[in-house]
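**Student:** Sequence:
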Amino acid sequence: MAIGNDVEQVLASSLVRLQGSLRRASGDSGDSIGSEEGSDAWLLLEALVDKDEAVEQRLATHFQEAGSSFARQGGKLDSRLGGLQHYTDVVAQELRGVLQEQPHALIETLASLYHFQSLATVALTRGYQHSMEESTVERTHMAEQLEHRLTTLQRINGVSNSAIDLDQTLEITAQEVAEELHVDLCSIFFYDELQRVLTLRATNGPRPLGGMHFTLRLGEGYSGWVADKGRPLIVTDALSDANYASEARSYHTDFHGLMTLPIIFFGNDERLIGVISVQSVEPREFSRDEISFVEVVAGIVAINIENGRLYEQTDEQLRRKVHELATIHRVSSIIASTLNLDEVLQIITTQAVHLSGAERSCLFELDPDRQKLHVLAHYGFNTNTSRIQIGVGQCCAGRCVQTGRPSMAVDCFQADESCFLHDDPFVTADIHSVLCVPLKVKQKVLGCICIYSSHRHLLSPDQMQLVITFANEAAIAIENARLYEEARRGSELKSVLLRELNHRVKNNLATVAGILSLQRRRTKSPEIQATLAESVNRVQGLASTHDLLAHEDVSEARIDEIARKIVGVAHSNLSPPDKHITFQVEASPIVIPSKSVTMLALVINEMISNAIKHGLKNQNEGNIIIRGREEDNMVYVQVIDDGKDGPAFELAFDETGEGSSEGLGLSLIKNLIGDLHGKFSLRRDKITLANHPENEAPVERTIAEVRFPLVQYKVPAWSA
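My numbering puts the first residue of the sequence shown at 1490, with every later residue one more than the last.
To be clear, the hints were calculated from the coordinates, so they are not data collected in a lab.
Beta carbons: idealized from backbone N, C-alpha and C, even for Gly.
Errors might be hidden in some of the hints.
Label pairs and their in silico Cβ distance ranges [what the hints assert, rightly or not]:
{"#": "1", "residue 1": "E1545", "residue 2": "E1668", "range": "49 to 55 Å"}
{"#": "2", "residue 1": "K2175", "residue 2": "G1979", "range": "52 to 58 Å"}
{"#": "3", "residue 1": "R1615", "residue 2": "F1755", "range": "24 to 30 Å"}
{"#": "4", "residue 1": "E1974", "residue 2": "L1683", "range": "50 to 56 Å"}
{"#": "5", "residue 1": "R1513", "residue 2": "E1545", "range": "42 to 48 Å"}
{"#": "6", "residue 1": "R1894", "residue 2": "P1857", "range": "14 to 20 Å"}
{"#": "7", "residue 1": "A1999", "residue 2": "N2160", "range": "46 to 52 Å"}
{"#": "8", "residue 1": "P1772", "residue 2": "H1812", "range": "56 to 62 Å"}
{"#": "9", "residue 1": "Q2108", "residue 2": "R2053", "range": "39 to 45 Å"}
{"#": "10", "residue 1": "Q1860", "residue 2": "H1812", "range": "35 to 41 Å"}
Kindly generate the complete structure, drawing on both the sequences and the hints.
**Tutor:** This is the structure we're talking about:
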């Protein structure tokens, strides 16, 4: 909208006045949008007095850019529009004063002013709104990008936490990073602290010459530079630097854009894990968000590698602990299963070295009488070591035995002239630390075990406890061997004494039987001869039973074995020459304790004697059966004859027998079953004969039976 030339001249002459009013208004409001040249109000005033036809376009462009800039700065549109309105009102008020005598010119000028204000308002609003829309789109894009990168990080983290192979995990990580950042190459190097080199472990693209064996020294290439400096490197064109270009071209592709970050584990101590790089064929500047993304990936890789290292370390510790426990169990089993002391101690000295990480070991035994230590077993020393003797209080081993406490020392051999290691300078030069542990059983020191190491450091508490465990095992083995030797000697002595006692008892019984037999042959009386024959039979029965106990397990004997011994004696002493008597001892696996064997043998002897003298008295031939069985924890022993008749009665151990007409045999039985807490009976009854047809009818026989409680005899476990 144009105004007349006269009005333009008036406005031009009043421009200073109008600008002054704007400055005063700016001072009153406290802002600066109208106080200086180039401000909104100033430009609005210039457009009002300017004759240029393109003024509207310049004004619209300015206010649209101002609105866009204002929006990016986070300003509020209504405050900017309010300021523009304020300065428009100030200019309008000042124009009324300038053009008060020219009402038509005033109306025309105010119309132009308000036209330019409207134009500025629309342009300012349009620019502000357009910028806000762009900002919203940008924020939406950033949110989507952030969400996508978080998803990528979740995938990388999930792969890192999975149980797949580490190299495969790193390959997937490199692929994910390259796809997320739209780069051509992502590579991951690991740092070897011992060799001080970087080794390529993963890449999503082309591999350099050497493939996965590609290595870089610290400071070599951009990866070596980052590893050496420990800080990121972002380069728009890596080929512009000769050092960086050598690594960039090793992939057979010209990579320009470069971002390389160190992979560092931030634990108790910072530790370099490796380097991660992303590269693009085109020159490229990486944003802060992209750098942050790769930093997070580097952190995930660092944690993954550290967790893997800790897992391997824990797994190795667990395997070592299991191996230690298995070794200790094996040594304990050997100690429990063998009495070969040399074998056990050699195993202990060998395993103590292997499990403690030392190189040599020596096990000493104390001679309490001479107060000297001598070597029982050793590992890692020459054969002459077995002849070494150390006094108590001398050397580390002697002092350990003297105090009864474990001791550790480093480089003590040079200062201790009494140390036996001085005799072998080659060993002395190779040993720098020693651990000595006493061998103790019930507070009694039996010796010590010493572990020698080439390292100048003390063993850890776990290693020391392991050696103490082996020391305890060795002490138990030595004590077991000593106790076994004492028991063996005692057993040999008892065996000699028992053989001598058995020999004397047997000789005495044979002498008594011989005297009685001699007396029997000299007497003329048949009654006395019969009585002496019975006595000889009893004595020889005792001798046979004693012989059974002397040759078998002295703790017990079977009933059928006892019966066979007695039958052999009775057949030769009691069977009349004019009679044919058959004896049958049926199998009976019942075991009788030794304290009852002699008494039972005498009872069986008397029952057989009774059967021969009385049961078969009027017969020229007959059969005698001896049976034994167990029923309801009672032992039943029967002597059965096929005599035609016989008395029937029962004799208990608590009967006195006073005034009875019983003979010597029944008196013996009564006294003996009293010691067995049993009963004796003699009866006629029907029985089934063994080895006869099942359908054969039972036959009547005379049965002499003794029954008594069975006392179980338990064999001690140590004698098995």
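**Student:** Taking the Cβ atom of K2175 and the Cβ atom of G1979, is their distance within the range 52 to 58 Å?
**Tutor:** The hint (52 to 58 Å, Cβ to Cβ) holds, given that K2175 and G1979 are roughly 55 Å apart.
**Student:** Using the C-beta atoms of E1545 and E1668, is the stated range 49 to 55 Å upheld?
**Tutor:** holds, 51 Å
**Student:** Is 35 to 41 Å right for how far apart the beta carbons of Q1860 and H1812 are?
**Tutor:** holds, 38 Å
**Student:** If I claimed the Cβ atoms of R1513 and E1545 lie 42 to 48 Å apart, would that claim hold in this structure?
**Tutor:** violated, 28 Å
**Student:** Go ahead and decide if the range 39 to 45 Å is satisfied by the Cβ distance of Q2108 to R2053.
**Tutor:** At roughly 23 Å between Cβ atoms, R2053 and Q2108 fall outside 39 to 45 Å, so the hint is violated.
**Student:** That 56 to 62 Å hint for P1772 and H1812 (C-beta), does it hold up?
**Tutor:** Roughly 58 Å apart at Cβ, these two residues keep to the hinted range, so it holds.
**Student:** Is 24 to 30 Å a correct range for the gap between the Cβ atoms of R1615 and F1755?
**Tutor:** violated, 50 Å
**Student:** Mind checking the hinted window 50 to 56 Å against the Cβ distance between E1974 and L1683?
**Tutor:** holds, 54 Å
**Student:** Please test the hint of 46 to 52 Å on the beta carbon pair from A1999 and N2160.
**Tutor:** violated, 25 Å
**Student:** Falls inside 14 to 20 Å, the C-beta gap from R1894 to P1857?
**Tutor:** For R1894 and P1857 the Cβ distance comes to about 18 Å; the hint holds.
Comparing the model with each numbered hint stated earlier shows that hints 3, 5, 7 and 9 do not hold.
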